[in-house]
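Here the protein sequences come in this chain order: U and B.
FYI, the numbering used here numbers position 101 of the first sequence as 101, with every residue one higher than the one before it.
FYI, the numbering used here numbers position 37 of the second sequence as 151, with every residue one higher than the one before it.
Just so you know, the hints here were simulated from the structure itself, not pulled from any lab data.
Cβ atoms here follow ideal geometry from the backbone N, Cα and C, with glycine treated the same way.
Among these hints, one or two may not hold up.
DSBU-like mimics (lysine-lysine), calculated; alpha carbons at most 35 Å apart, straight line [what the hints assert, rightly or not]: (1) Lys212(B) <-> Lys78(U); (2) Lys220(B) <-> Lys78(U); (3) Lys212(B) <-> Lys156(B); (4) Lys24(U) <-> Lys78(U); (5) Lys68(U) <-> Lys156(B); (6) Lys212(B) <-> Lys96(U); (7) Lys24(U) <-> Lys212(B); (8) Lys181(B) <-> Lys78(U); (9) Lys68(U) <-> Lys220(B).
Just so you have them, the derived chain B footprint on chain U, three or more residues with Cβ under 8 Å [said to hold, decoys possible]: (10) 46-55; (11) 66-79.
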Amino acid sequence: DAGVIQSPRHEVTEMGQEVTLRCKPISGHNSLFWYRQTMMRGLELLIYFNNNVPIDDSGMPEDRFSAKMPNASFSTLKIQPSEPRDSAVYFCASNKDRGSYEQYFGPGTRLTVT
Amino acid sequence: QKEVEQNSGPLSVPEGAIASLNCTYSDRGSQSFFWYRQYSGKSPELIMSIYSNGDKEDGRFTAQLNKASQYVSLLIRDSQPSDSATYLCAVNEWGYQKVTFGTGTKLQVIP
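Next up, chain U with everything else stripped away, as it sits in the complex (with noise of 0.2 Å):
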């Protein structure tokens, strides 16, 4: 089965600009999360879904995140205007039902935004 598809894998970008990620959960999972890497803060949950449904969305750093899942097989995570600090890897998740709590993880898209 193919993993946690995840595009792009690199993403530059200047300040301002709008930046759309995009993660596609393995297939027959039903919860999906976006994470947030840095060296900083190590791995921060954004928000995650469960059957499509945001669930959990206090992660989410501030109004110009936001993220949306219109079917069980993609999700996006939208950064608008995007800032030098959200220079970040942004990593994708899927993990299978309730009572099964084993996440697996997409490659990430590395964001530069400069």
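Following the hints, position chain B against chain U.
Okay, now just chain B, sitting in the frame of chain U:
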């Protein structure tokens, strides 16, 4: 605030030795415990899950859980240079999908 604490390291061990990685957590309601390995520039990879007190072995890896002491550890036997990575401890509370990650321990296996 649920916390998961790990020593950031680096932990240096010679090739062939046992590497011992430790993690403590603050939430007594935690029920599921995970170890992830993350190579530099790569994504976290799940290597062990443990749900009940005691030891769980998988190849060269052994996870140990002590809920009374709120302590979970990972032992790597016969350490290899390819084990050099950052190891993340993750914990969640039963019934919740969300997990809390520690900041990771960097392991260096010296040939």
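Verification of the hints:
{"no.": "1", "hint": "Lys212(B) <-> Lys78(U)", "in the structure": "holds (21 Å)"}
{"no.": "2", "hint": "Lys220(B) <-> Lys78(U)", "in the structure": "holds (31 Å)"}
{"no.": "3", "hint": "Lys212(B) <-> Lys156(B)", "in the structure": "holds (22 Å)"}
{"no.": "4", "hint": "Lys24(U) <-> Lys78(U)", "in the structure": "holds (15 Å)"}
{"no.": "5", "hint": "Lys68(U) <-> Lys156(B)", "in the structure": "holds (25 Å)"}
{"no.": "6", "hint": "Lys212(B) <-> Lys96(U)", "in the structure": "holds (13 Å)"}
{"no.": "7", "hint": "Lys24(U) <-> Lys212(B)", "in the structure": "holds (19 Å)"}
{"no.": "8", "hint": "Lys181(B) <-> Lys78(U)", "in the structure": "violated (39 Å)"}
{"no.": "9", "hint": "Lys68(U) <-> Lys220(B)", "in the structure": "holds (34 Å)"}
{"no.": "10", "hint": "46-55", "in the structure": "holds (count 3)"}
{"no.": "11", "hint": "66-79", "in the structure": "violated (count 0)"}
Consistency note: the structure conflicts with the earlier hints numbered 8, 11.
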